[in-house]
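Asks: Chain A is fixed; fit chain B onto it per the hints.
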Amino acid sequence: MTRLLGWWRRIAPTLVALGVALAVTAVFILIIGENPIAALVALFDFGETPVAQANSIGVWINRAAPLFLAGLAVSIGFRMGLFNIGVEGQYRIATVVAAGLGAAIVLPAPLHILVITLIAMAAGAAYAAIPAILKVTRGVSEVISTIMLNAIAIGIAAYLIRSPFVDPELGAGENVATTRLPESAHFPGLNELFGVLGLEEPRRPVHGFVVVAIVVGVVVAVILSRSRFGFELRASGLSALAATANGISSRAMVVKAMLFSGALAGLVGLSDLLGSAHRFQPDSFVAGYGFTGIAVALLGRNRPGGIALAALLFAFLDRAGPRLQSEGIPPAAVTIMQGIVVLSVLIVDEVARRRLRRREERRARAQDQATTPVEVAS
Amino acid sequence: MDAEPAPVIELTGITKRFPGVVANRDVHLAVRHGEVHAVVGENGAGKSTLMKILYGMYKPDEGTISVDGHPVEFGSPKDAIAAGIGMVHQHFMLADNFTVLENIVLGAEPRAGVRLDFAAARERIEETSERYGLGLRPDRLVEELSVADRQRIEIAKVLYRGARVLILDEPTAVLVPQEVDALFSNLAELRAAGLSVIFISHKLDEVRQVADRITVIRRGSTVATVDDPQATSSRQLAHLMVGSELPTPETTESTVTDVVELAASGLALSSQDGPDLLHDVTFEVRRGEIAGFAGVEGNGQSELVEAIMGLRKPDAGLLRLGDDDMTSWPAHQRRMAGIGFIPEDRHRQALLLDAPLWENRLLGWQGNPPAGGRFWIRPQAARAEAATIMREYDVRAPGPDTIADALSGGNQQKFVIGREMSTTLRVLVAAHPTRGVDVGAQSAIWDRLREARAAGLATVLVSADLEELLGLSDTLYVLFRGRIVARLDPAEVTPELLGSYMTGAAGQEGARFTTGDAAGEEQAARADTEEESR
Numbered sequence: 001m002t003r004l005l006g007w008w009r010r011i012a013p014t015l016v017a018l019g020v021a022l023a024v025t026a027v028f029i030l031i032i033g034e035n036p037i038a039a040l041v042a043l044f045d046f047g048e049t050p051v052a053q054a055n056s057i058g059v060w061i062n063r064a065a066p067l068f069l070a071g072l073a074v075s076i077g078f079r080m081g082l083f084n085i086g087v088e089g090q091y092r093i094a095t096v097v098a099a100g101l102g103a104a105i106v107l108p109a110p111l112h113i114l115v116i117t118l119i120a121m122a123a124g125a126a127y128a129a130i131p132a133i134l135k136v137t138r139g140v141s142e143v144i145s146t147i148m149l150n151a152i153a154i155g156i157a158a159y160l161i162r163s164p165f166v167d168p169e170l171g172a173g174e175n176v177a178t179t180r181l182p183e184s185a186h187f188p189g190l191n192e193l194f195g196v197l198g199l200e201e202p203r204r205p206v207h208g209f210v211v212v213a214i215v216v217g218v219v220v221a222v223i224l225s226r227s228r229f230g231f232e233l234r235a236s237g238l239s240a241l242a243a244t245a246n247g248i249s250s251r252a253m254v255v256k257a258m259l260f261s262g263a264l265a266g267l268v269g270l271s272d273l274l275g276s277a278h279r280f281q282p283d284s285f286v287a288g289y290g291f292t293g294i295a296v297a298l299l300g301r302n303r304p305g306g307i308a309l310a311a312l313l314f315a316f317l318d319r320a321g322p323r324l325q326s327e328g329i330p331p332a333a334v335t336i337m338q339g340i341v342v343l344s345v346l347i348v349d350e351v352a353r354r355r356l357r358r359r360e361e362r363r364a365r366a367q368d369q370a371t372t373p374v375e376v377a378s
Numbered sequence: 001m002d003a004e005p006a007p008v009i010e011l012t013g014i015t016k017r018f019p020g021v022v023a024n025r026d027v028h029l030a031v032r033h034g035e036v037h038a039v040v041g042e043n044g045a046g047k048s049t050l051m052k053i054l055y056g057m058y059k060p061d062e063g064t065i066s067v068d069g070h071p072v073e074f075g076s077p078k079d080a081i082a083a084g085i086g087m088v089h090q091h092f093m094l095a096d097n098f099t100v101l102e103n104i105v106l107g108a109e110p111r112a113g114v115r116l117d118f119a120a121a122r123e124r125i126e127e128t129s130e131r132y133g134l135g136l137r138p139d140r141l142v143e144e145l146s147v148a149d150r151q152r153i154e155i156a157k158v159l160y161r162g163a164r165v166l167i168l169d170e171p172t173a174v175l176v177p178q179e180v181d182a183l184f185s186n187l188a189e190l191r192a193a194g195l196s197v198i199f200i201s202h203k204l205d206e207v208r209q210v211a212d213r214i215t216v217i218r219r220g221s222t223v224a225t226v227d228d229p230q231a232t233s234s235r236q237l238a239h240l241m242v243g244s245e246l247p248t249p250e251t252t253e254s255t256v257t258d259v260v261e262l263a264a265s266g267l268a269l270s271s272q273d274g275p276d277l278l279h280d281v282t283f284e285v286r287r288g289e290i291a292g293f294a295g296v297e298g299n300g301q302s303e304l305v306e307a308i309m310g311l312r313k314p315d316a317g318l319l320r321l322g323d324d325d326m327t328s329w330p331a332h333q334r335r336m337a338g339i340g341f342i343p344e345d346r347h348r349q350a351l352l353l354d355a356p357l358w359e360n361r362l363l364g365w366q367g368n369p370p371a372g373g374r375f376w377i378r379p380q381a382a383r384a385e386a387a388t389i390m391r392e393y394d395v396r397a398p399g400p401d402t403i404a405d406a407l408s409g410g411n412q413q414k415f416v417i418g419r420e421m422s423t424t425l426r427v428l429v430a431a432h433p434t435r436g437v438d439v440g441a442q443s444a445i446w447d448r449l450r451e452a453r454a455a456g457l458a459t460v461l462v463s464a465d466l467e468e469l470l471g472l473s474d475t476l477y478v479l480f481r482g483r484i485v486a487r488l489d490p491a492e493v494t495p496e497l498l499g500s501y502m503t504g505a506a507g508q509e510g511a512r513f514t515t516g517d518a519a520g521e522e523q524a525a526r527a528d529t530e531e532e533s534r
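Protein sequences appear in the order of chains A and B. Those letters in the first sequence? Residues 1 to 378, by this note's numbering. Those letters in the second sequence? Residues 1 to 534, by this note's numbering.
Because the hints were derived from the structure by calculation, they are not lab data. The structure presented is a predicted model; accordingly, all values stated were derived computationally and were not measured. Even glycine gets a Cβ: it sits at the ideal position worked out from N, Cα and C. A couple of the hints might just be wrong.
[To be verified] In silico contact screen, one side only, chain A against chain B (beta carbon under 10 Å); selected entries:
(1) R180
(2) P182
(3) R234
(4) L241
(5) A245
(6) E361
[What the hints assert, rightly or not] Simulated restraints on C-beta separations:
(7) A:R353 <-> B:T64: 50 to 58 Å
(8) B:R115 <-> A:V143: 47 to 55 Å
(9) B:D96 <-> A:L107: 30 to 38 Å
(10) B:S146 <-> A:M148: 31 to 39 Å
Bound conformation, chain A alone:
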């Protein structure tokens, strides 16, 4: 019972915040002269036909998986007070390298995917190592260096596609892209699963990589809460001074946390790459997961479970964009709503946290009654 109550106490503020966000967005839609009720209906409209509905769910999943991974990557930095704004650049580099090297090697199916995944993680970690090293050796703020490395990543990626990884069989007039990944590197889709569950099969591939994302989420949760590394990471984040005084080297933790974060960032682009794109092409590459991941991590309060819910919410809203447009509501409404959700959650959360803290203090003081004012003076 108390457990349920404690759980409710934690979830209630978020629900309040979601309500607030919905209300504010409704006001916004009213202001631009549209019907908020119609917008709300459109938000939950998955389409008329079973196929359209299945498609819609597929889009939701395909969007949620990378957002979840990006949120996890950002949250690792946040948990120790590091602002890894560079997930965007890290996953771009990782995806290009994974696409390029993946196409160059020949391996049986499951092994090929595993190797590509490891390559992507290594590439993401390597790119994240740059700001980490700059920070511990030169004291460069990781916020600045990761933002600048995002810009550099676009350049590096463009070079890599054009020069070492370019598809030699590219036709004239075709957009530049890396060599197509062989069949053995295609991650099986979830489309059949829809049929098993008694739904129509979506027409477009539903990325099976979401399963990997879920497993990674569980692993990260266990590492954070149960491992010594996770404890040291959280301790450094809560108080770098206390951690240092108790033998946790903050420099080492900065490097480890950035590498961990970068490795997770490396996974972000794989869902699309292995699931449907099968090659890196600048035009079809989905950019922006790294930045949205920051909001997802904030909304999920840096906890894997919360980040999963936040990623689902963000993907749900993203999915509704085209639908809203058909109702005459600009798709920017979705972006606005996402922003408001994050803001209101943060505000309500802080209020709730302070209240909880005061309650704890009162309880502790009540326990302390017996000792209160012992006269100090002699």
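Replies: Then chain B, alone, in the frame of chain A:
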């Protein structure tokens, strides 16, 4: 003497309680017009709390504050400023990328309509600077200025807001000697202009030099006001600060063995500017021995502790734990080898305030079973251990899942001590283990330290509380300017002797101090240190 005017500030019967501790008890303080009034006391004696009450940051539980004979009540520093009270904090609160002028007017901008009237402000600042000899250049950027300059800006800021009473919180802590002299001449100007200054410090020779009157605070209460500082010696003041009757050390049997558990030899640590922080520090702590380190704050105690714990790399010297050379060990390896640590700042160094107690149980010991481990931690075991600590060390809190910040200071300290001592230790490094805790908790902590000593623990005890040092230590070292200037037997030491070593008045050879003014003592100390280095 003219008819006694009402004191500009009068505090009567001020009492302030925090959960579990009384910070101020029945404090009386009267500051006259045009005087420099020093408030001295050991760290944790309640000086800061008292000043925060006077500056409106805390509300007293009992007692009254009067300004010019009229009782007042301050809800916030704003009210105190309006009543003409200004505070110069120890840590400056200036915007580095603003000019001196902008910093001074910040928050009290002169307006002409909607426009900021900088010309009028400049005129006033220049006038103030001229009048009190502050030597301010209004257009310099603060980031280009020295610490002493910044302090003068803080003083000007307070004067600009019309303060008649200035509270200076340990103003000399950040200054070099020449700057201190300059500050004192500024204070003389302020006094000559009829302003009052409350000067908080624990440096007795300085206080005697600058103050017209001195009020001594001991354990939260004012114990005396000295009307004639020049005629009072530093030792007499130290006496008042520490308490005239020092307790006779506990006559428990010595448990000191022959086994050296911790040995330091030739530890040295230089600073980038100024004298060495540690210089040739050599000592041994045996099993069952408590080695006390006395000294006025800032004479190398913190650096010594950090060097032992591996938080700061000494420039020279060796550290041995038992038979092992641990000079190059990282901090966590020292912990794992069995060195417990009670840091001086429990809020910042000992606890994760936003984490529950069970996580705090793990802090520092996350690598040691059963709760910690090489790769994994075990929250359930940590919870059980936290509960045990709470029971055995009388930590009053709802449970292991309570956030550490919710506990009172005394309970936090008991928890930290419990955490460190419930592991099998070889050496304990304790810095001010009873600072800020109430008497009950204090004696409990002392008992624990004695028990551990009897069980064979080698303890390094750094403290500003002489009673604690004398009552617990088997050997007493005195640190002065980063050197061990004396190794004493606590059973035979007198407060006078200890005081003279702590202030540098006596050298290694014995009690050879001058009874003259502070400058004389200073010279004697310098001569001694020079002699040693030869």
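Asks: For each hint, tell me whether it holds in the structure or not.
Replies: Hint-by-hint comparison with the structure:
A least Cβ separation of about 41 Å between A:R180 and chain B goes past the 10 Å threshold, and the interface hint is therefore violated. With 10 Å as the threshold, the beta carbon of A:P182 stays out of range of chain B, its nearest partner Cβ sitting at about 38 Å, so the hint is violated. Because the smallest distance between the Cβ of A:R234 and any Cβ of chain B comes to about 8 Å, under 10 Å, the interface hint for this residue holds. Taken as an interface hint, A:L241 checks out: its beta carbon lies about 5 Å from the nearest beta carbon of chain B, inside 10 Å.
Proximity of A:A245 to chain B holds as hinted, the smallest CB-CB distance being about 4 Å (cut-off 10 Å). The beta carbon of A:E361 is positioned within 10 Å of a beta carbon in chain B (closest approach about 4 Å), and the interface hint is therefore held. For the pair A:R353 and B:T64, the supplied restraint of 50 to 58 Å is violated, since their beta-carbon distance comes to about 38 Å. At roughly 36 Å, the beta-carbon separation of B:R115 and A:V143 lies outside the given 47 to 55 Å, and the hint is violated.
Between B:D96 and A:L107 the CB atoms are about 58 Å apart, so this pair departs from the stated range of 30 to 38 Å. Our hint of 31 to 39 Å for B:S146 and A:M148 holds, since their Cβ atoms are close to 34 Å apart.
Comparing the model with each earlier hint shows violations of hints 1, 2, 7, 8 and 9; every other hint is respected.
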